[in-house]
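Visitor: As they're listed, the protein sequences go chains S and A. Per the UniProt record's numbering, the very first residue in the first sequence carries number 1; after that it's consecutive. Per the UniProt record's numbering, the very first residue in the second sequence carries number 1; after that it's consecutive.
No wet-lab data here; the hints were simulated from the structure. Just so it is clear, CB atoms sit at the ideal spot from N, CA and C, and this is done for glycine as well. Careful: at least some of the hints might be erroneous.
[To be verified] Simulated coverage check for chain A against chain S, where a stretch passes if three residues somewhere in it have a Cβ under 8 Å from a Cβ of chain S:
# : stretch
1 : 107-121
2 : 180-192
3 : 204-215
[What the hints assert, rightly or not] Sample of chain A residues at the chain S side, in silico, Cβ under 7 Å:
# : residue
4 : G83
5 : R174
6 : P297
[Claimed, not checked] Selected chain S positions facing chain A (Cβ under 10 Å, derived; list incomplete):
#  : residue
7  : A41
8  : L110
9  : G296
10 : P297
11 : P315
12 : M318
Each chain, letter by letter, is given below.
There are 2 protein chains.
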Amino acid sequence: MSEVHAGRRSRLRAHASPAGDVAAVVSRPSNVRYLVGPAPAGAVLLVGHDGGDTLFGHWDPAEEPVGPRPHEEEGLRVTSLDGDADPALAAVVAAAEGGARAVAVEEHHLTVARHRALTRAAPGTGFTDLGCAVERQRLVKDEDEIAALRVAAEITDRALGELLESILVGRTERHLALELERRLVDHGADGPAFPTSVATGSHSGLAGHRPTDRRVEEGDFLTVRLGARFRGYRCQIGRTFVIGTSPADWQIELYDVVFAAQRAAREALTPGVEYREVDRAAREVLSAAGHGRALGPVTGHGVGLEIGEDPRLSPAAMGRLGPCVPVTVEPGVHLPGRGGVRIDDTLVVRSAADGGPELLTITTKELLAL
Amino acid sequence: MSEVHAGRRSRLRAHASPAGDVAAVVSRPSNVRYLVGPAPAGAVLLVGHDGGDTLFGHWDPAEEPVGPRPHEEEGLRVTSLDGDADPALAAVVAAAEGGARAVAVEEHHLTVARHRALTRAAPGTGFTDLGCAVERQRLVKDEDEIAALRVAAEITDRALGELLESILVGRTERHLALELERRLVDHGADGPAFPTSVATGSHSGLAGHRPTDRRVEEGDFLTVRLGARFRGYRCQIGRTFVIGTSPADWQIELYDVVFAAQRAAREALTPGVEYREVDRAAREVLSAAGHGRALGPVTGHGVGLEIGEDPRLSPAAMGRLGPCVPVTVEPGVHLPGRGGVRIDDTLVVRSAADGGPELLTITTKELLAL
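So that you can see chain S by itself, here it is in the shape it has in the complex (with noise of 0.2 Å):
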């Protein structure tokens, strides 16, 4: 990985300083792992004007290897810091010291005090916003980022195809949450990629439900809403179940509605065309069942190192979607006081020749009774 990680800081380097003054300072957690790879919580990464590249955390002196870092061998140099020392802060007097005209740093992840201590303490030094340029070079991912995010949606659809078997009646949302998160790491999660949700009977289809002491009960709807973390890269998955042997009418219609609408929405996923167009295709086949209301503000985002990336499939969204970018598709409808179907997968943007869009998170789609 070390020369996919030096490429990315040349690439962010060429960008923020064209006339090769400007250090660029990388605070924001993933993206400073996106541009050196894992690293202490907190650290910070200086991209030199110059070329030089530093990062400047803190590593637990009992943890201190013999001999170099593994940064230090991809040609990055590490500064640990003692105490409570600001990582931003060493790099942003590192730059100053190194003679850049100005410094980039992320004003979207810096907090307004702490972007003060560092304009004191390289009064000297130019500041302006490096904004959300590691940010945009994440959006589209190399094979190596896709590949991970298929390791993460294998796991996912394991753990979630062998709770299928289990006997589910009886067990609360929380056990049955538990139980996923364990089968992820079982299966070589580094962790689950987001909070698990289980949502059952009135529960079900309520985006984001956190999972409560209900219990599995004949004739529920069942959302699972699950997804591993492997090597940093997080997908996701979302399937709706019915409990017992045979659905209600009105399970069965809102099933077969929210399954075409995201089928619509995943057909819609083609190189060059609009968010916001993926998100009106799932949309107006819910509005046409009387379920445009329903719909939560977007249909689908992008993954990788954070389960919630760029792009937003929402109505205001502006931009087209690249290949290789991996998005979710995850329309949902819950009817108050009865529950509710939500249906995500994660897939990658390919062009017709390559096969159109793949689907990462295989595990059927159809409406199971379990």
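Could you slot chain A onto chain S? The hints should help.
Guide: Then chain A, alone, in the frame of chain S:
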């Protein structure tokens, strides 16, 4: 709780707006929770200069309750926003329209980019820094808060006690951590207060060790750190055990030193003592035994709605402990390649007349051979 929250907001108003013309906008999630109770993620509280408070946030439309929301019954207005609207921006606009001369915001929480958007949305309004006013209010806990911490500690002791009765040899750090978290939930926790750390053999004694697939072996030190979250309040316990019947001499010696350091810091917890004195009490014992450098930057920290609150018990910390302040005492020593010992307790500072420091985490600190 409603009058409790209202009282906290009144105290904040009196601090932020002595002349009755400054509105406070609280955006830091743990501060919002302290002032209104549980709220949707990202909710922002406007503490009005004129005595009226409003909570802005995104409630899932599917979850809209019939009739007033709980917060409204507490004499708190609630405004549910659509789409991507920033609750902080809505709060600032409402403050300006409400005639506030200035708005005090949490500059240690708002990002530079977000703060800029707020100032642009209310051009005629002055912006000041609320600073850590709410965090200072949170420092000393009332008896309801301490009662919640006490329950969190009882749950934690129970989960740990059950683990000690089970077979440990051959199981991985990951599985032990997941089982502990499951037991916390079984016993009524909202969830873990922080990611459970299980460290075996050469990992033992490391601060914040992430569980791996290493299995427990005969002769290992086993360090376990966990805590329950109950009604939002988080406690912490850490214990180190030896696996097998006969601990090695170096293990007994190291354990005795860390135990003595931890006891010295616990005994230093009296109202009026300087934060750094508590830290020094532990540090001196470790230094005398030649382990001074092995101790991390802090010997303990406050706990409450967050696991790492003020005060910090560190050599540079300024301030004195007051009664009813819950803190951890958690010295540790790790010997690279061999392992180490950590012993963490959560205690509440009490005067001698009140019986001295109240130990919440009562699991034994004898060196148990499991």
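Visitor: What hint numbers does the structure not satisfy?
Guide: Number 12 only.
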